[in-house]
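Enquirer: Numbering-wise (numbering that gives the first Met the number 0), the sequence shown opens with residue 0 and increments by one.
These are calculated hints, taken from the structure and not from any lab test. As the structure is a computational prediction, the values presented were derived from the model and not from experiment. Virtual Cβ for every residue (Gly too), placed ideally from N, Cα, C. Hints are supplied without guarantee of correctness; some may be wrong.
Think about it this way: if two alpha-carbon atoms lie no more than 20 Å apart in a straight line, the pair counts; the simulated DMTMM-like pairs of lysine to aspartate or glutamate are [said to hold, decoys possible]:
1. Lys194 / Glu176
2. Lys300 / Glu288
3. Lys303 / Asp375
4. Lys210 / Glu163
5. Lys332 / Glu348
Simulated DEER-style distance windows between Cβ atoms [said to hold, decoys possible]:
6. Ala157 / Ile297: 50 to 56 Å
7. Thr465 / Ser244: 33 to 39 Å
8. Leu419 / Trp500: 49 to 55 Å
9. Arg494 / Glu314: 37 to 43 Å
10. Leu161 / Val231: 34 to 40 Å
11. Thr335 / Ile297: 32 to 38 Å
12. Leu301 / Glu122: 53 to 59 Å
13. Val328 / Phe504: 39 to 45 Å
14. Glu314 / Glu386: 22 to 28 Å
15. Glu238 / Gln493: 24 to 30 Å
16. Ser244 / Lys194: 38 to 44 Å
17. Arg448 / Arg494: 23 to 29 Å
18. Asn305 / Glu162: 48 to 54 Å
19. Ser477 / Ile278: 40 to 46 Å
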Amino acid sequence: MAEIRLTRVEQGQTKIKNVPIAVTPEGFWCCPSPAVFQKSIKVQNTVNKPRPSSPPHKSNIQKKQVPVTEKRPTTAPLRSGVVSENQSAAADTPAVAAPAAPERPPRPKPDHLPRKVSIEFGEPGTSDMKVILLGKQGFCVKLSVHRNVLVENSSFFAKKLLEEEDALPCLEIDDCEDAEIYVETVGLMYCKDMKQRMIKQTVPRVLRILKVAEALGFNQCIHSCVQYLEAVPWVDDDEEEKVVSSILHLQGEGIGVTPILKRVSSNASAPSKDTLSQIMDMVLKSNEERGRREMKSIVLKLLKENNSSLPSCNEAIYNSCRSCLYALVSCFKQATELESNDSIIAGKEMLVKQIALESDNLTWLLEILADRQAADDFAVMWAGQQELAALHGKLPIMSRYHVSCITARLFVGIGRGQLLPSKETRQMLLKTWLQPLINDYSWLQHGCRSFDRKVVEEGIGRTILTLPLEDQQSILLSWLGSFLKAGDNCPNLQRAFEVWWRRTFVRPYGESQGNSLHIESLIAPK
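Using the sequences plus the hints, can you model the full thing?
Expert: Given below as structure tokens:
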């Protein structure tokens, strides 16, 4: 470890830039701004660029020209800073031919030598040693420091300095990746109120300081960085991940990183079911429409993103489903009783709003279960609601059509393979709820913003086609009668009808020759 020689400045290899330092009442403090280093690197890159060789300045020579009998030989050395004795003796030789000496080649010009950019911090007058940081691309930083300060604050410097018998005048640090933060961290060794200094920093910069402090064994600085990271907000997930990954390895070293880790994790091994149930209840029972709608969207998104980490929440969701279904049936019963009494208008309007709310809640819960591939039991539960289906027909369409959104979502889920209920459940679902859906179809198209007619019709058709052929025929013939009467106000199941037709009259799969001839005789014109 040798000190950088200042003679290199005279040779043009090193350009030293003295940066103003700040000396506080606590003592030495050096905190370079990033602009200092960036500006110095730009200067270095400019210096290292090759300079084009310029022709002899004839105009300057002519201005200073004297009679030939006088001092003409002195004009030759103006070209170069390094010239041999033989060249200076040749007075009558033209200036262009001056460097051509056969005895020895000329020295390279100082301007063409590789240069370093050196920045110096500290107070050379009071310091007793120097620390030199050798960075990338020849970048060099010189720190004038005090030996006792380094030994007291840094285990790294204490080991390096105490193992040497003779006092080292200089200590070089090779391959310094972050010289700017290294200088600032050394400056923090002179600072008494480190917390006050940390307040002015950002999280990314403190993480850089923490990394250097760990390398130097600067425990006081490590503690201050950890205290800062525990108190300051983290702006996004990326910053949170960087903070956690930077401090995880400090566990068990007495640094006190547990408060930081508690911000992102709890002592519980898994999320509490009661917590999720509480969130569900708060969203489902909210009376503020906008807040309820936005939180439903957020919770649905978060549950979709964390399906694997919440395997045990299905029970809580089904508890909410049963609660909403019970409330829905109760509202239908009350609304049916009030339907015959025209004087109680306010009570009817309240029940209609409650029916719409409970229907929307059930649709939201079904969406969550379908995304988690756990909606089969919901299909069983909904297919068994014959009482609700009967009450459904007793209310006006504008009061009841929200319920058909639940049926439509089930058919879409079955058609997409998101839920796989048994054949009996599918049969009961179509038998109980297809006709109420057909009756509400015109209002669903115009009164439900999220209703997609093509998707729903495809789901209904595919659900029908999963049944035995006899059941397909029964359901589709019933649909045909409704479609011929209502037209666009009825689901268009023509695609399913075509498939059933081919299966019934064409039978391309495994038919024997005798059966095929029998079918042909049945459909042939007489």
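Enquirer: Now tell me if each hint is right for this structure.
Expert: Verification of the hints:
1. Lys194 / Glu176: Violated, because 25 Å separates the two Cα atoms, which is more than 20 Å.
2. Lys300 / Glu288: Roughly 18 Å separates the two Cα atoms, so the pair holds.
3. Lys303 / Asp375: Roughly 18 Å separates the two Cα atoms, so the pair holds.
4. Lys210 / Glu163: violated, 26 Å
5. Lys332 / Glu348: Distance ~14 Å between Lys332 and Glu348 Cα, so the pair holds.
6. Ala157 / Ile297: 50 to 56 Å: At 53 Å between Cβs, range holds.
7. Thr465 / Ser244: 33 to 39 Å: Once the Cβ atoms are compared, 49 Å apart, the range 33 to 39 Å for Ser244 and Thr465 is violated.
8. Leu419 / Trp500: 49 to 55 Å: violated, 26 Å
9. Arg494 / Glu314: 37 to 43 Å: For Glu314 against Arg494, whose Cβ atoms are near 38 Å apart, the range 37 to 43 Å holds.
10. Leu161 / Val231: 34 to 40 Å: holds, 36 Å
11. Thr335 / Ile297: 32 to 38 Å: holds, 36 Å
12. Leu301 / Glu122: 53 to 59 Å: holds, 56 Å
13. Val328 / Phe504: 39 to 45 Å: Given range 39 to 45 Å: holds, Cβ gap about 43 Å.
14. Glu314 / Glu386: 22 to 28 Å: Once the Cβ atoms are compared, 25 Å apart, the range 22 to 28 Å for Glu386 and Glu314 holds.
15. Glu238 / Gln493: 24 to 30 Å: violated, 55 Å
16. Ser244 / Lys194: 38 to 44 Å: violated, 24 Å
17. Arg448 / Arg494: 23 to 29 Å: Given about 25 Å between the Cβ atoms, the range holds.
18. Asn305 / Glu162: 48 to 54 Å: Holds - the Cβ-Cβ distance for Asn305 and Glu162, about 53 Å, lies within 48 to 54 Å.
19. Ser477 / Ile278: 40 to 46 Å: holds, 43 Å
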